[in-house]
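Protein chains in written order, with my numbering: chain A, 1 to 263; chain B, 264 to 663.
You may find that some hints are simply not true.
Capping the alpha-carbon separation at 35 Å, the derived lysine-lysine pairs in DSBU-like fashion look like this [as the list claims (entries may be wrong)]:
#1 B:281 - B:388
#2 A:194 - B:281
#3 A:263 - B:361
#4 B:660 - A:216
#5 B:600 - A:251
#6 B:600 - A:216
#7 B:658 - A:251
#8 B:455 - B:422
#9 B:658 - A:263
#10 A:214 - B:422
#11 B:655 - A:263
#12 A:251 - B:554
#13 A:240 - B:658
#14 B:525 - A:107
#15 A:216 - B:281
#16 A:251 - B:525
These are calculated hints, taken from the structure and not from any lab test.
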Amino acid sequence: MNITVCIKQVPGTTQVKINPETGTLIRDGVEAVVNPFDEYAIEEALRIKDRIAGTIVKVITMGPPQAETALRSAIAMGADKGYLITDRAFAGSDTWATSYTLARGIKAMGETHLIICGKQAIDGDTAQVGPGVAEMLGLPFVAWVRKVEEISERAIRVERLMEEGYDIVEMSLPGLITVVKEINTPRMASLKGKMRARSAKLVMLDAATLQAEKGKIGLTGSPTQVLRSFVPERKSGGEKVSGEVPQLVDKIVATVLELNVIK
Amino acid sequence: MGIKIDLEKCIGCRLCVKACALNAIEVIDKKAVIDTATCNLCAACVEACRKYAAITITKDHSGSGVDISQYKNVAVFIEQRHGIVAGVSYEMLGEGRKLADRLGERLIAVCIGSAMQKQAEELVKYGADKVYYMDGEVLTHFSDERYATIVADFIAETKPAIFLAGATAIGRSFIPKVAARVYGGLTADCTKLEIDTERRLLLGTRPAFGGNLMATIICPHHRPQMATVRHKVMKPALRNEVRTGEVMVRRFENGAVAERTKIVDFVKEVESTVNIAEADIIVAGGRGIGKPENFALLRDLAEVLGGAVGASRAAVDAGWIPYSHQVGQTGKTVCPKLYIACGISGSVQHMAGMQSSEFIIAINRDPVADIFQIASLGIVGDVSQVVPALTKAFKEKLGK
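The following block holds chain B by itself, in its conformation from the complex (with noise of 0.2 Å):
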């Protein structure tokens, strides 16, 4: 394992020297030098040297003991919330799909609940050609350590290539426990899957630093290649009648899994009844809409749209409205086809949580906020004034 500069390639241009975090690079004669006692092999002076490709990072051996050849076919969690298949579920087998096609393999679902045997064999029409549905009374309800030994075992059994999972609440606290217990490779947050078809490789892109940096990740010695994928970035699965498939249904033995936590109660909070990490309209405000009664307005207007309300962190901390609606860095990465930010003067924070979305409007009083710099349509304008116009006229032209 170690990091080389090719001595031939490197001119001494000082790139990688900046893109060091740890100051373990100098110039001397015109050439780089590493301090490998500092360096940490992060890397980044790889991608700064991309043009020149002097840097190069190897490991001892590529070799993970695990034999890759075994494992085939592509595996998407299926999740459910009271029984009812959730919408990322849907997205996670029209990507699948795709996946398994490109490599010309198998798509199968993995689906965890109770009396659901219709809901599972329904998931053939979506394009699954297996499904493994365990089925348990005590399974209704999201179990990290339940949820974790099923997936892991089936893991096991069936030696999936790839297992992808919907980025929720639910995929991404169990499908970490999975890949910890697997050895599997796991990539957070993916907005974009693609596969190395000459490698047969799994590459999945994710943001990191809430959304400034964009990183491709592969597992190429470990199995399976796991990714979680955030909500609402792939197309979901079309129903087709005519597809069949082979649906195996397991019984949960209860004292299967020591269960060590418990779900008490569950209180639902979100005001409107859309999640807005689901939800395809998104009317957002922050501390420019004026004054917390002014939620209201925006409430009015999501309510017309069909939409969700969001909130910047500044109005959540002013406790106008509650966390849970909160969008940006601390708070809920959210991707919908319209955001319209009302009042939002759009931090680096904000928008690394809402920059994805495909249409943005903001409105602003302020004609040099930040938000303008991103917005697809910026309107110059009083929210309290505006947004109850909108939402009048929203009203007349869709005969609300």
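Looking at chain A on its own, in the form it has when it is part of the complex (with noise of 0.2 Å):
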């Protein structure tokens, strides 16, 4: 079977400081890597490849031409091949417009059985490019996949994680899920992996070869803008309290009671 796996470079996350001066984000010297949820995807993808002969995992991503080595760090971990799609016709793309021309991408990629994307980018965290490219293409969709239960080209069956618990859902094929943390442990790409990825020759796509409509990309294709950002006013740590238990232990509850919050 195939399996397309959407991931996007982002900026390693523990490095992202803010400049207090300006208030927008220090980008110098921090590292891009592949997004955490969509090291889930990719693992996923691989599992099931491990387990149905004969699958080949492609992965695609969207952005400027330095996304390429988000591509080779999944071709590293074991994907067959990458598809990049860059074009400065899609520069400043929301969500919409990055659905879209996403789902051009697959499109362009051939027959698909399943699409796998992590739930969110945990720069933008808006968890709506996989639903939003669902539907694009008219698949079915599940989101916050857990667990892959059962597979087979034409069906899944997962566990949708929610909030009070999980949902058991059956899901004719093609269709995408959307995974969270808990559906694996992703593995370490191999030095023979890191090997074939340096070499491998990736798929470039640019917004002629998507015959993508040109109102619909880009910044022109996106109904959201953004009007401005700013850091958000840090809590500034209170009274810090230290001594013997039944000290500490009036202290918090004097306090709490005074918040009134207990029913």
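Given two chains presented individually in distinct reference frames, assemble the corresponding complex, making use of the accompanying hints.
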């Protein structure tokens, strides 16, 4: 079967720092990594490949030319083929335009039985592109998948994480799932994988190849715009107390009762 | 479409150069120059240059072909689980009412379920001018495809200017599909909504980068302006017995939407009965509580306070408690009224998931733990001693 994994290159999370004067992200020297949730998506695709002989795992991303390193990381883990959607015309895309463009890209890749996305990217945190792609392709969709129980070319049975537990959901394929962290532990790339990734030939896709409608891509095709961005006011630490347990307990009890939050 | 630098305003300060993730800006002869082949119009430089306002990004054309004057009123999605209206829906009604009043428009509640006519009628008492209720046995349980189709059809028919839904597992699953279908502008997980009354635009403010950056998003040329809204941030609507409104009931035709997904079963998993996303009080534990058995101490405290139990990633990864309790960037984002962090050191990722809590108490043996930097009250002490004593003290005080 054919599996497509959508990935995004994001700034390494722990290194994100904000310039307090200008209120902007300091991106100097911040390493670009594969969005952590997408690593779970890649790993799950590889696990299905391990189970079902003849499975091909393709990864696709949209971004500037340097996003190819994200594709190479996925290939190093074991993905078979990488597709890079890159074109100036796509700059400034919001989640709608990104979903549209990725859907065009996936269509151009040939038959796909299952599309896997991470539940969200850690920079934008929207969780909107996975369902958006499913909708644009007219495919059924299950979000927040924490376990793939059964899978064939025609159907999949998964556990979907909800607020108070999980649903067991069956979906016909082709279809799309987004996965949460709990689903697996991503493997490390092997040396052999890294070698293969370095020389792997990537498929480049631009606006013309995708026959994307001009009015639906990039800044022009994006319904939403960022009006402004700013650094939230940090909570500054309040009183800090140390001492004997009874004193500490009295302090907490008095504080909590004053908050008037216990029903 | 393009990015422009006003050379008269540019002073060559290089702030934009530092802000650019793609290294697309250089300063030549004390003026910024943008390599437009590399620039992806992310607008980070526009922000960096706010003081001098020398950089602007413009679109080719401003229209989307949509006649936005046709769109009126505020609609909110009413989420139900097992036939009971979810708490977040009352928050949507409260916030939706405010926005509708600011615009001088009507508030419409959209409810999807089975045999819920009574509950649907009740929504009027909570601020809805009109309730649109779609009834059908198969609608008891959430279905992305059916719900998306019903809401998209509602939007096509009713043309609301604004559409809100809770940023819940359900809302964040199917609302993006609706936005994709109707070409609406959707802002995820908003923590603040305002109206620009002059332009009659919805301003949705939301955290990004794990809460390290806030962004205010607008949707000027497409409709509806859609947003999912985080739980517990907006004030719930209060019941008003004398309010009146219109209720429209529709029957769902079973064959109307091809159903390609099916819920086979639901398994309740969270140990305590309180859902951490909706809890007012959360008692959370990290590796610093010492051993997995100590979560029992936290559970006892949570029970006395009527709260829920949360955990750090470290505690979940160690297998001390299931993932559904995890708070943080790769877990759940919570904003309770009171968050008690026990033995949690306070990683950037954990704080991203709980720093918007109203009041934070941190209990940690390490006096320099990072968590103290954001704690409203810091307690330097041993969790295994402080927490049981605390539970006992609360039991006495509260007479439990």
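- [ ] Taking the numbered hints from earlier one at a time, note which ones the structure violates and give those numbers from smallest to largest.
- [x] Hints 1, 4, 6 and 16 not satisfied by this model.
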